[in-house]
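Enquirer: Residue strings, one per chain:
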Amino acid sequence: MMQLIKDLWFKRRDIISDGFDESLEYISKIIPLKIHEIPSGTKCWTWTVPEKWSVKEAYINDLDGNRILDLKDHPLHVVSYSLPIDKVVSREELLEHLHTSKERPEAIPFEFKYYEKDWGFCIQDNKLKEFTKDKYKVFIDSKFEKGDLKVGEHTIKGKTDKTIALVSHLCHPAQVNDDLTGVAVSVDIAKAMGKKDNYYTYKFLFVPETIGSLAYLSQNEDVIPKIEYGIFLEMLGNDNIHALQLSRQGDTRLDRIARYLMKRNLKNFKEGPFRTIVGNDEMVFNGPGVDVPMISISRYPYPEYHTSDDNLDIVSEQRLEESKNLILEILNIIDKDFTPKRQFKGPIFLSGYDLWVDWRENLELNRNFEKIMLNLEGDKTVFDIADELNMKFEDVLGFVNKLEKAKLVLNMKNNE
Amino acid sequence: MMQLIKDLWFKRRDIISDGFDESLEYISKIIPLKIHEIPSGTKCWTWTVPEKWSVKEAYINDLDGNRILDLKDHPLHVVSYSLPIDKVVSREELLEHLHTSKERPEAIPFEFKYYEKDWGFCIQDNKLKEFTKDKYKVFIDSKFEKGDLKVGEHTIKGKTDKTIALVSHLCHPAQVNDDLTGVAVSVDIAKAMGKKDNYYTYKFLFVPETIGSLAYLSQNEDVIPKIEYGIFLEMLGNDNIHALQLSRQGDTRLDRIARYLMKRNLKNFKEGPFRTIVGNDEMVFNGPGVDVPMISISRYPYPEYHTSDDNLDIVSEQRLEESKNLILEILNIIDKDFTPKRQFKGPIFLSGYDLWVDWRENLELNRNFEKIMLNLEGDKTVFDIADELNMKFEDVLGFVNKLEKAKLVLNMKNNE
Amino acid sequence: MMQLIKDLWFKRRDIISDGFDESLEYISKIIPLKIHEIPSGTKCWTWTVPEKWSVKEAYINDLDGNRILDLKDHPLHVVSYSLPIDKVVSREELLEHLHTSKERPEAIPFEFKYYEKDWGFCIQDNKLKEFTKDKYKVFIDSKFEKGDLKVGEHTIKGKTDKTIALVSHLCHPAQVNDDLTGVAVSVDIAKAMGKKDNYYTYKFLFVPETIGSLAYLSQNEDVIPKIEYGIFLEMLGNDNIHALQLSRQGDTRLDRIARYLMKRNLKNFKEGPFRTIVGNDEMVFNGPGVDVPMISISRYPYPEYHTSDDNLDIVSEQRLEESKNLILEILNIIDKDFTPKRQFKGPIFLSGYDLWVDWRENLELNRNFEKIMLNLEGDKTVFDIADELNMKFEDVLGFVNKLEKAKLVLNMKNNE
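Residue numbers (this note's numbering), protein chains in the order written: chain G, 9 to 424; chain Y, 9 to 424; chain W, 9 to 424.
No lab work stands behind these hints: they were computed from the structure.
Computed list of lysine-lysine pairs in DSSO-like fashion (alpha-carbon distance at most 27 Å, straight line):
| hint | chain 1 | residue 1 | chain 2 | residue 2 |
| --- | --- | --- | --- | --- |
| 1 | G | Lys278 | Y | Lys379 |
| 2 | W | Lys379 | Y | Lys121 |
| 3 | G | Lys353 | W | Lys125 |
| 4 | W | Lys234 | G | Lys353 |
| 5 | Y | Lys51 | W | Lys353 |
| 6 | W | Lys349 | Y | Lys234 |
| 7 | G | Lys51 | Y | Lys413 |
| 8 | Y | Lys410 | G | Lys121 |
| 9 | Y | Lys51 | W | Lys379 |
| 10 | G | Lys379 | W | Lys51 |
| 11 | G | Lys95 | G | Lys125 |
| 12 | Y | Lys353 | G | Lys170 |
| 13 | W | Lys151 | W | Lys19 |
| 14 | G | Lys410 | W | Lys51 |
| 15 | G | Lys51 | Y | Lys415 |
| 16 | Y | Lys154 | W | Lys353 |
Below, a sample of chain Y positions facing chain W; criterion: calculated Cβ distance under 8 Å:
| hint | residue |
| --- | --- |
| 17 | Trp53 |
| 18 | Leu222 |
| 19 | Val292 |
| 20 | Val298 |
Ideal placement from N, C-alpha and C gives every residue a C-beta, glycine not left out.
Use the sequences and the hints to build the structure in full.
Expert: As structure tokens, then:
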């Protein structure tokens with residue numbers, strides 16, 4: 009995963025830009041992508057696809073020609089989607105267009121003005137004191153033009169076309185956690201899931217943040233009813249604990265599986281309802297009239313967020329692996345889970361079906377197998393039972409599979 | 009409001025009586041009334057309309073002809089609906105028919121025997137010691153005759169014939185809070201609502217307590233299904249805090265609006281479920297098979313209740329105004345409230361519709377407008393949203409009205 | 009009840025055995041029984057009826073011919089359903105087949121191997137030290153043969169064929185509480201209920217534990233939908249407090265009536281959900297696909313359980329009486345209970361129907377009769393109302409009966 013991040017992180021990946029397109033191209037060489045192209049000006053529900061933006065050169069000089077700031081030094085030095093400008097301005101006017109981070113005075117902040125139409129630069133806060141002259145020359149050679157918003161889609165067909173969507177965003181120039189880490193983990197999960205025989209169809213979407221999800225969903229409304237659940241992945245490489253933001257519904261099977269696994273597998277994590285931890289593409293999927301329950305898994309917050317300090321130094325392969333494995337386990341449970349339906353009456357004659365579980369073999373299962381048998385009325389899935397009895401999913405699944413083999417339960421997923 | 013109270017308070021306003029009829033006549037000169045006349049003996053569900061009652065003279069003499077008590081001194085000196093009597097009785101027998109208030113020994117209590125058929129007098133408790141003789145002459149020249157129970161009804165037609173009933177009772181001779189204050193506030197509210205363009209139809213009913221509501225509803229059963237909510241008003245002039253008694257259902261929109269406004273507008277108030285604060289006409293409207301959710305708003309309890317001390321001295325115009333304004337606000341919300349239904353998909357592009365709310369303009373709305381947009385699925389009214397988000401009703405209404413103008417929501421009240 | 013217990017307790021009442029059959033025969037002389045005979049080998053859902061078992065002689069000798077243990081001394085000395093054996097075994101092998109109770113070293117434990125196919129003896133733990141020789145002769149002359157599992161059924165027809173089942177088990181040789189006490193109490197209840205005019209049909213079942221209920225229900229599946237509730241009775245003679253184990257549903261009318269009466273009538277009792285106190289025939293009735301809500305009433309736990317100390321010494325007629333009366337009261341309420349449906353509108357004119365209750369006569373009823381009248385919408389039974397208002401069932405019943413006589417409510421049981 010670190011290779012992908014290293015190759016792409018410093019690119020000028022603005023929401024509609026050559027850098028974004030090149031990055032999508034790069035990913036399509038690892039996993040095949042269908043590239044959706046939605047032209048500037050396309051109406052996406054209440055939104056409109058903006059123009060493509062590029063910048064060739066940008067700098068601030070004093071009137072003696074000394075270069076005070078140069079885009080060449082760092083892609084974040086210019087505000088994303090800044091208007092072009094070529095003008096001598098007063099110190100006061102310049103300062104109104106200089107963005108800094110008071111919290112991290114040595115870092116360049118990430119600023120964007122997708123819809124506000126303004127120009128601006130970003131610099132380290134501790135460099136502000138160098139602006140002592142009365143006038144400065146500001147120059148931004150940026151261009152707005154018709155272009156195509158691009159969304160990369162990788163699909164792994166399952167037995168059903170009920171779909172689980174995994175979404176990450178590929179934009180944000182020169183930043184790593186937000187959200188190249190989500191992209192990298194997503195790509196690795198796609199590779200792993202592609203090798204399996206899945207029940208669900210899995211769709212991996214690589215989008216420019218928010219507008220990408222809006223463009224994709226609004227132009228593909230027929231897909232929405234098929235998406236049963238979604239997971240938004242971002243900011244997974246830093247050293248904070250995992251944060252689970254629940255879906256808008258808050259208690260879907262996916263929400264409960266994610267919480268169940270985080271409790272069992274992680275030393276520590278935090279959890280919050282919809283809109284209390286992050287606000288990204290999951291707002292679109294969970295949005296009114298879309299109503300796809302989408303959880304968000306991140307390691308938000310972290311102090312380097314939206315600055316030039318969100319770079320390779322704060323990301324580790326090991327943490328990406330931990331996140332990846334967690335999500336693979338979530339998918340494992342949701343994919344294998346099914347509703348068993350009782351085909352017997354009365355308590356089962358255990359010894360007659362070799363169903364007795366010795367407490368020395370599996371104490372948890374020994375204590376609970378009677379309770380499992382009382383929960384096979386067709387209104388609970390295997391996971392529901394495991395969650396309710398606070399048991400290992402695989403233990404309940406194994407026991408229920410034995411019952412299925414003995415024709416004591418019917419697998420409602422296979423008979424749907 | 010004080011003028012009406014001063015003009016009517018000392019009248020002999022027994023439940024079916026000339027005094028009651030004159031008072032109704034007085035009100036009909038302020039707001040037009042339809043007078044319902046229900047004759048004595050009419051069956052009203054399980055009840056029967058009693059006879060009209062009047063009393064010309066009533067006194068107690070000692071056998072030397074000294075007048076110990078005289079009805080002329082105060083209308084409360086005789087028990088309402090007392091049987092006539094003209095007899096010399098022993099001191100013991102007399103005492104059994106003398107009613108006093110131990111708690112307020114200097115006040116004459118209000119007693120009534122509508123259905124018990126008995127005779128009696130009411131006097132100050134501290135005068136009991138004056139009854140030192142062995143025998144007394146008791147005289148009550150009262151009359152029972154066929155008459156008409158009268159209910160005054162003032163109707164303000166709205167866009168719909170869904171109705172809100174405001175009920176107060178005009179009986180109780182020589183008392184003010186109970187319930188001339190409810191009548192006076194009701195009349196003023198009727199005047200105010202008559203000047204507005206209302207959605208609901210408003211019905212103001214002036215009744216003799218309990219039997220009046222029973223008579224009106226049982227003789228007009230077709231009206232019952234139209235009455236969506238009711239408010240019973242009484243005892244509003246004394247200096248106690250407001251008391252909100254919830255409807256039998258306890259959680260209707262009206263209950264919640266009344267609680268919401270009392271919390272926001274009053275320094276202090278108390279609240280209790282049905283039958284824990286008062287028991288009056290709201291028992292009939294909330295009664296089995298009638299099932300109109302009727303709240304009661306009063307300033308109960310107060311120490312002068314049901315005595316001659318419930319007079320002009322303990323009532324203030326300012327407190328009546330406060331009650332009136334509270335109820336007008338309740339009616340304002342319930343009348344303007346409607347169910348907005350989302351017509352958009354996904355998060356709204358706020359800047360595109362001029363919907364962005366700056367936190368410097370309205371912090372509460374800025375923090376909540378996203379939540380408002382997540383609550384437009386057609387299962388909540390504007391008030392429900394305001395209540396849930398603990399916001400000003402007018403702020404939510406204003407924001408939803410903007411959405412309506414932009415055709416992003418449908419007003420379900422106007423499209424019903 | 010003690011007579012029945014004295015006559016039967018020491019019998020060899022194994023699950024399918026002559027002792028069991030004789031005991032059933034004994035009961036059928038007190039109350040008529042229909043005897044169901046289900047042959048060995050019959051498939052009962054997932055179970056199979058085992059063979060009949062008998063034992064003529066069983067002993068352990070040392071090789072000098074000294075008798076160390078003899079079945080003649082106590083029926084519990086041999087494991088129920090032990091295989092036959094006639095062999096000289098080493099001390100080590102013998103000890104593996106000797107069962108004792110560490111908790112009660114002077115008592116012989118009760119052991120059974122219905123499905124495990126093994127041989128064994130039971131002795132007092134403090135006699136283990138007498139086994140000092142190297143080899144012993146073990147002899148068990150037991151026989152397995154085709155037979156009939158027997159279930160005794162006593163039915164008292166009611167107005168409806170909706171049925172309440174009272175179940176106790178007649179097996180467990182030489183033990184008293186478990187469960188001859190349940191049987192004795194059951195027989196006495198049957199005698200009492202037989203003298204009454206009942207609404208429900210009552211079925212008393214005397215079974216061998218678990219397999220008896222399974223055999224009866226699986227061979228009489230048409231009876232199951234008629235059984236509305238069940239009560240399992242056992243271990244009622246010892247001096248522990250009553251224990252109420254709720255049905256699987258946990259909140260049926262029967263559960264609530266039992267709890268209500270235990271709270272009102274007993275100084276002390278304990279209560280637990282299904283499967284937290286006992287596990288007997290109520291597991292079958294409450295079992296998946298059977299779903300008869302069956303509570304269990306016992307005095308479990310008690311220290312003599314499943315040993316030779318569970319004998320006549322620890323049982324008292326008085327405690328059996330107390331249990332019997334409690335259960336008769338439960339049946340009294342459930343049988344008399346019905347759903348009253350309001351036929352009036354508005355508050356009732358109490359004096360007109362002689363419904364006024366003076367607080368001096370019945371304070372509880374005086375305080376609650378208005379609430380009773382608000383609960384007659386046809387969604388609550390008389391017991392529901394009594395339970396909700398925390399009132400005596402008979403008081404509520406009496407008041408509702410008055411309303412019924414005045415045609416103010418309809419009895420929904422009689423009009424069903």
